[in-house]
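S.K.: What follows is the residue order along each chain.
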Amino acid sequence: MKHVLETKEVAGSPNFHLTRFEKLVDWAVNQSRANSLWPMPFGTACCAIEFMATAASRYDLARFGMERQAFSPRQADVLICAGRLPFKLAPVIRRIYDQMPQPKWVISMGACASTGGIFDNYAMVQGIDTIVPVDVYVPGCPPRPEGLLYGILLLHKKIKGESLFDAVRRRDEQPLDEHGLRLAPAEIDEISEPFGNSVHQFRSA
Amino acid sequence: MSKRTVELEVATTGVDAHGDPVRVPLGVAEEAPEPEIGGEHLLINLGPQHPATHGVLRLVVELDGETVVRVIPHLGYLHSGFEKLGEYRHYNQIIPLTDRTDYLSPMANNVALALAAEKLMGIAITPRCTVLRVIACEMSRIISHMVWLGTTAIDLGAFTPFLWAFQERERIYNLQEMWTGARLTTSLTRVGGMMADIPDGFVEGLRHFIATYPKTLGEIDRILTRNAIWAGRTQGIGVLTADEAINYSLSGPMLRASGVPWDMRKDQPYLDYETYDFEVPVGEHGDVYDRYLVRLEECYQSNRILAQALDRLPDGPINVDDPRVILPPKSRAMSDMEAMIFHFKQVMEGVKAPVGEAYVGVENPKGELGYYFVSDGTAKPVRWRIRPPAFINLGAISKMAEGHLLSDLIAINASIDIVMGEVDR
Amino acid sequence: MNPTVEGLKATFGDAIGRAGVARDGLSVVVVRAERLRDVVRWLKDTPGQAYTYLVDITAVEYRDRERPLELVYQLRAMERKTDLRVKVELDPQGELAVDSVTPLWAGANWLEREVYDMFGVVFAGHPDLRRILMWETYAEGYPLRKDFPLRGRFSRSEQVRQALNTNPEANYSLEELSIAEASDGLPADMRERLRRGERGRVPESE
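Chains as they are written, first to last, in the numbering used here: chain Y, 77 to 281; chain Z, 810 to 1234; chain F, 641 to 846.
Hints may be right or wrong, so weigh each one.
[To be verified] Far from chain Z by the CB rule (all over 10 Å, computed), these chain Y residues: (1) His93; (2) Val105; (3) Thr120; (4) Cys122; (5) Glu126; (6) Arg144; (7) Asp174; (8) Leu230; (9) His232; (10) Pro261; (11) Ala262; (12) Glu266; (13) Gly272.
[To be verified] Residues from chain Z shown here face chain Y by an in silico Cβ test under 7 Å; the list is partial: (14) Pro857; (15) Gln858; (16) Val865; (17) Glu871; (18) Gly885; (19) Tyr886; (20) His888; (21) Gly890; (22) Tyr912; (23) Gln976; (24) Ile981; (25) Asn983; (26) Leu993; (27) Thr994; (28) Gly1230.
[Stated by the list, open to error] A few chain Z residues facing chain Y, derived, Cβ under 8 Å: (29) Ser889; (30) Leu913; (31) Phe975.
Everything labelled a hint here was simulated from the structure, so no lab data went into it. Cβ coordinates follow ideal geometry from the N, Cα and C atoms, glycine included.
Isolated chain Y, as found in the complex (with noise of 0.2 Å):
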């Protein structure tokens, strides 16, 4: 382990063990979490399909603890969303979300889960950013295994940057309005802005 001392510690102070001790304690759990992160495969679309590809035996995600999928969301740590989200599908995967017990964490899988994608239309959330947090965005449509599987190392890296001692619970935040929503309108009409080629094809003929 890699540990960087902050300078007013000095080896034999009680601060210096307490976080030695707390480092030990966050490496620990945060090793136990990473490395078996119980996958709640949310796949709707195409995404699903590679999802499932992946969990198969060439790509295999027993290899990170990940084979037990959750269908229960109790039971889950990590949201998989695979897949484009339409707006009927919008309070289901909120709903979801907020079944799952701390701490969790949100994959969102392909471009449509992250962007809209190519939907940029009447049906389709541009984003499911804009209805639950995210932790890490996989690219791709759909995206190979190996990139899911980046995506989930990326993600076990930045479980093990995380500690218990943190004041702040990033993943514990509450909507910000009665109606749900977790950015302000504004916001969310300036990220579902069309852009690159959905800006020209608004024109039928």
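Given the coordinates of chain Y, work out where chains Z and F should sit on it, guided by the hints.
M.R.: Just chains Z and F now, kept in the frame of chain Y:
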């Protein structure tokens, strides 16, 4: 290591520690009141997030005890506005959309769309392109049926065939990736041709697959077909007669398992399917077991078609020789003025279709997939309608599940072979 | 041209409008809306016609505002392996209503619900006409109409807000609520909804 003998007093009802029968008196403390078993029906909600609904399908089930009285499906949880998007895109730009409706057999959808656009525009494709498209369709049939098999087996408790089936899919994915660059969202065809010709090594790879695939099918067959649990859970479940199947507009293996011998490849042929030598399995009882047998046999027959297609693959161009429809090769577009203008017009304005309409129905693994284009003379269709086999097949679920148990409902739902991307579009 | 067209003209006279052949070789015949069910029943039940298989029901609205909104029925005679396309023309600015063909084909049930959801066409006599792809209290309109913009009528934040407030438990159909009511298991607010016959509320805007 030491051995110790432990004496255990084991008493089960009726047998004492020495194994002699013992009468246990029935001591009922007081008269327990008779429980009230009313005729209430229970309403259970399955989904939309559920491992056994094959996607985001919500089934509200009315139960009388454990028996299903009625199933009311709720759809639309994956509605993505495909048909609306199609009105804002050129015909070639719609092809990537078709990958994502039925994402289990993307190349078959690509082929169907190209056929529909070509029928609308009156374009005849080259012989090599025809055979390559047959290869693409049959490869798609195999991967779609493998997903169906794997997930149905998992729903009914058999986990191993899932892994075998997905391993076969990986082999086809290798070939798809070799050809198009993508495992799943292939976007293989273009109006008038294909995105690219098959690369070196493809034919050898496909021949190897054809030679070794029946072995895996045989293993799956051995583990499932005569298995008492499998037969017990699927025979006599979800029966639909031939007349009911026709009345519900079913298509594909659902229709054939009920005894109706209709296959678009034989009855309204396209892509020269009438010149291939293959059989169409037709079931008899219309239950889940027959649907399984029909799909398994279709995999063997697809293998046969693939072998014949490889044998007859002719040389020649894959794209029709019409620069107004097909992009000229990049080398010419960069050096020849006329080719550059054709390239510019196609990319910026799209290929204009004549006024009119056209419907093409193909035999997709799920059933009859139809694309209906209505054009007003511009490069973007006025209406793009997807005739979704999975949506229509799912409509019969309440009829099939009446009177069965809740666990049979899972088997019936699995046997319809739905893919929610196509059901909801 | 499919010989059925001649038979239709002979039997129904001026209820049959123009007929032609589409670019895919199928015969297309236009039928007056009020005679649709008779025509379709004749096509299905007459021994020589036997169009027993319903392939598809859909609707087409043209960009040209002068053209009518067409309802397209594609039927198939399986023995003769022939398809026929029957169209009904409706006024896109007027009332969009036609008889349902669900009594003839069970497969028409969901197909007609989808046309209702996407275009707003009301099918008289349909057993359960409610939205199928969008949620039941969807307030933006009928998506596949040409005056409906691609990205919808409301702003993105408004769409998210409305979607989050649809309350999945409210999305039980009246049929389902009446089943639960019969067994006394219904919460008070659902019982009130059942009594009023409504399908949920659109949340109040700011």
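S.K.: Each hint should be assessed against the structure and marked as holding or not.
M.R.: So, going through the hints one by one against the coordinates:
1. With 10 Å as the threshold on Cβ separation, the claim that His93(Y) sits away from chain Z holds: the shortest Cβ distance comes to roughly 44 Å.
2. Once the 10 Å rule is applied to beta carbons, Val105(Y) is consistent with being away from chain Z; the minimum gap is 29 Å.
3. Look at Thr120(Y): its CB is around 5 Å from the nearest CB on chain Z, not clear of 10 Å, so calling it non-interface is violated.
4. Some Cβ of chain Z comes within 10 Å of the Cβ of Cys122(Y); the nearest lies about 4 Å off, and the non-interface call is violated.
5. Interface exclusion of Glu126(Y) from chain Z breaks down, the closest Cβ pair being 6 Å apart, not more than 10 Å.
6. No beta-carbon of chain Z is positioned within 10 Å of the beta-carbon of Arg144(Y); the least distance is around 13 Å.
7. With a least beta-carbon separation of about 13 Å from chain Z, Asp174(Y) lies farther than 10 Å from that chain, consistent with its non-interface assignment.
8. The Cβ of Leu230(Y) sits about 21 Å from the closest Cβ of chain Z, beyond the 10 Å cut-off, so the non-interface label holds.
9. Listed as a non-interface residue, His232(Y) keeps its Cβ farther than 10 Å from every Cβ of chain Z; the least gap is roughly 24 Å.
10. For Pro261(Y), the requirement that its beta carbon stay farther than 10 Å from each beta carbon of chain Z is met, with the minimum near 22 Å.
11. Every beta carbon of chain Z lies more than 10 Å from that of Ala262(Y), the smallest distance being close to 25 Å; the non-interface claim holds.
12. For Glu266(Y), the shortest C-beta to C-beta distance to chain Z comes to about 22 Å, beyond the 10 Å cut-off, and the non-interface label holds.
13. Its beta-carbon lying about 14 Å from the closest one in chain Z, Gly272(Y) satisfies the requirement of being farther than 10 Å from that chain.
14. The closest approach between the C-beta of Pro857(Z) and any C-beta of chain Y is roughly 6 Å, which is under the 7 Å cut-off, so the hint is satisfied.
15. With 7 Å as the threshold, the beta carbon of Gln858(Z) comes within range of chain Y, its nearest partner Cβ sitting at about 6 Å, so the hint holds.
16. Satisfaction of the interface hint for Val865(Z) is found here, the shortest Cβ-Cβ separation to chain Y being roughly 5 Å, below the 7 Å cut-off.
17. Hint status for Glu871(Z) relative to chain Y: violated, with the closest Cβ pair at about 22 Å, above 7 Å.
18. With a least beta-carbon distance of about 5 Å to chain Y, the hint placing Gly885(Z) at the interface is held under the 7 Å criterion.
19. Against a cut-off of 7 Å between C-beta atoms, the interface hint on Tyr886(Z) holds, since the closest Cβ of chain Y lies about 5 Å away.
20. At about 5 Å, the closest approach between the beta carbon of His888(Z) and any beta carbon in chain Y falls short of 7 Å, and the interface hint on this residue holds.
21. With a least beta-carbon distance of about 4 Å to chain Y, the hint placing Gly890(Z) at the interface is held under the 7 Å criterion.
22. Hint status for Tyr912(Z) relative to chain Y: holds, with the closest Cβ pair at about 4 Å, below 7 Å.
23. A least Cβ separation of about 5 Å between Gln976(Z) and chain Y falls short of the 7 Å threshold, and the interface hint therefore holds.
24. Interface hint at Ile981(Z): violated, since its Cβ lies 12 Å from the closest Cβ of chain Y, which is beyond the 7 Å cut-off.
25. For Asn983(Z), the interface hint is violated, since its Cβ never comes within 7 Å of a Cβ in chain Y; the closest pair sits about 10 Å apart.
26. With a cut of 7 Å, the hint placing Leu993(Z) at the interface with chain Y holds, because the nearest CB-to-CB distance is about 6 Å.
27. A least Cβ separation of about 6 Å between Thr994(Z) and chain Y falls short of the 7 Å threshold, and the interface hint therefore holds.
28. Residue-level restraint check for Gly1230(Z) holds (minimum Cβ-Cβ distance to chain Y is 5 Å; threshold 7 Å).
29. For Ser889(Z), the interface hint holds, since its Cβ comes within 8 Å of a Cβ in chain Y; the closest pair sits about 5 Å apart.
30. Because the closest C-beta pair between Leu913(Z) and chain Y is about 7 Å apart, less than 8 Å, the hint holds.
31. Interface restraint check: Phe975(Z) against chain Y, minimum CB-CB distance 4 Å, threshold 8 Å, status holds.
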